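Residue numbers (the working numbering), protein chains in the order written: chain A, 170 to 421; chain B, 119 to 339.
What the hints contain is simulated information worked out from the structure, not anything from laboratory work.
Given the structure is predicted, the values throughout are model-derived calculations rather than measurements.
Beta carbons: idealized from backbone N, C-alpha and C, even for Gly.
Heads up, incomplete: computed chain A residues facing chain B, CB under 10 Å, no partners named:
#1 Ala222
#2 Leu224
#3 His253
#4 Ile259
#5 Gly260
#6 Met261
#7 Phe263
#8 Gln264
#9 His265
#10 Trp269
#11 Pro270
#12 Glu280
#13 Arg284
#14 Ala330
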Amino acid sequence: MGVTPIIAADAVTKRFGTNQVLTRVSLPVSEREVVCVVGPSGSGKTTLLRCIAMLERPSEGQILMQGQVIAAAEGSAAITRAAHAVRPQIGMVFQHFNLWPHMTVLGNLIEAPVRVKGMSRSAAVDIAHALLEKVGLTDKRDAYPARLSGGQQQRVAIARALAMSPKVMLFDEATSALDPELRREVLVVMRQLADEGMTMIIVTHEMGFARHVSSRVVFMDHGETVEESAPAEFFGSPKTERARQFLKQFED
Amino acid sequence: MLQYQFRWDTIGSNLDFLLSGLNMTLFISAVTLVLAMLGGLVIAVLDMSRFRVLRLIGISVGEIIRNTPILVQLLWVYYVLPIVFNIGIDAVTALIIGLAVYQSAFISEVYRSGIQAVPVGHREAAQVLGLTTLQTFRRIVFPQAIRMTLPPLAANFVQLIKYSSLGSVISVTEITRRGMELSASVFRPLEIFTFIAVVYFFICWPLAMGIRMWERRLANR
Ligand SMILES: Nc1ncnc2c1ncn2[C@@H]1O[C@H](COP(=O)(O)OP(=O)(O)OP(=O)(O)O)[C@@H](O)[C@H]1O
Ligand SMILES: [Mg+2]
Chain A
170 MGVTPIIAAD
180 AVTKRFGTNQ
190 VLTRVSLPVS
200 EREVVCVVGP
210 SGSGKTTLLR
220 CIAMLERPSE
230 GQILMQGQVI
240 AAAEGSAAIT
250 RAAHAVRPQI
260 GMVFQHFNLW
270 PHMTVLGNLI
280 EAPVRVKGMS
290 RSAAVDIAHA
300 LLEKVGLTDK
310 RDAYPARLSG
320 GQQQRVAIAR
330 ALAMSPKVML
340 FDEATSALDP
350 ELRREVLVVM
360 RQLADEGMTM
370 IIVTHEMGFA
380 RHVSSRVVFM
390 DHGETVEESA
400 PAEFFGSPKT
410 ERARQFLKQF
420 ED
Chain B
119 MLQYQFRWDT
129 IGSNLDFLLS
139 GLNMTLFISA
149 VTLVLAMLGG
159 LVIAVLDMSR
169 FRVLRLIGIS
179 VGEIIRNTPI
189 LVQLLWVYYV
199 LPIVFNIGID
209 AVTALIIGLA
219 VYQSAFISEV
229 YRSGIQAVPV
239 GHREAAQVLG
249 LTTLQTFRRI
259 VFPQAIRMTL
269 PPLAANFVQL
279 IKYSSLGSVI
289 SVTEITRRGM
299 ELSASVFRPL
309 EIFTFIAVVY
319 FFICWPLAMG
329 IRMWERRLAN
339 R
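Construct the complete structure from the given sequences, taking the supplied hints into account.
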């Protein structure tokens, strides 16, 4: 790749105590790319995403944003400063939504723009309205999260992340906690984002989505990236036996 | 017992005397609750501190207080503290200090479980969005924790009302002490202590019921 990746994991190893969960994982992602990360349970997908989101610190290796180190095993003042500066540019959507239950939908959306970016309340509200329209939830603006369905909550969570105008969006099994009939509405929003050119790293078990929306599929197993290819190639003729085994369980 | 002549008028004619004790009881309970809420905060902060030494101090203090009888602690504050620090402590102050310290150890646990009941994911969502640790605590953790903390705090108030009766041992003139004094002069313990028990009950019971309903409402949200 000639251009500097917008975000990259560079030889990231992560250990919890003696349990090595990631082994020298490198994942450079270019602007507008949609990378789907797939793999069996416990293969380290969430951990990789959490390292990129700066929720976990790598044991070895580093995370870079536009060539600048934002997380590394050894911290430094420069890294802390860089991390602080780019934090709002990395949005994350969690499996269990993690909306703040004591705030309304609108409250959830404007909290970070107002507190972190110092945006005026009215400007933040305008942005929130536009985003609620985008995810189809304008009528829920004053509702508390507990009153929403799982699919609606997740769409609010996506809007909340977008309110900070991130350059990269991370999704950790955004639809796994949802009933099958509610998944589509979330996938539709994600697909729309992809079409608009958002850079996305998506951990998912939705193989149909990975196949049709992603620009690249990364297959992880036992903390390593085993295979990396275009979706047509990965789903059509996987290179490794492990990937073939993994894909078998989605055949019906 | 069968021939016992009830003289409930003893209560009527000494009502002011007894109720002055009730005032003292409520005053001590309220002041102590406020102090214990602050003390509990200190112990909870120590307990959850990043520094091992502070954690050790917080945990030790909590364990010592929770595992010695409150009456012994009161006697200790009243009789031992003045000797150790060479100061005079009046009975009311000693009672307030003793009760507040004792209750702090329990209230710190209330705070801690309130904070720990807030899912980690809520904090992580805030962190990813760029909120600082302080903002996250103030805006995300605290407002959720406080709701879970208020009913147990109210329950602590009920407990303080009952525990304050221990002040009678160190001659604090709260309602139980007033009862003892009156009983010693008019020899009507049956009427007096029955009346006092009823007074405690009708203060504590509605409070306890209210708290139970409140908790149920919170649980159903
Ligand atoms: N905070 C932690 N402390 C200790 N071990 C952890 C921690 N987080 C994850 N692990 C371990 O790391 C391994 C990888 O976990 P991870 O959640 O990254 O897998 P995953 O690929 O996301 O799995 P799934 O598909 O089930 O979500 C697991 O064995 C898990 O037990
Ligand atoms: Mg996972």
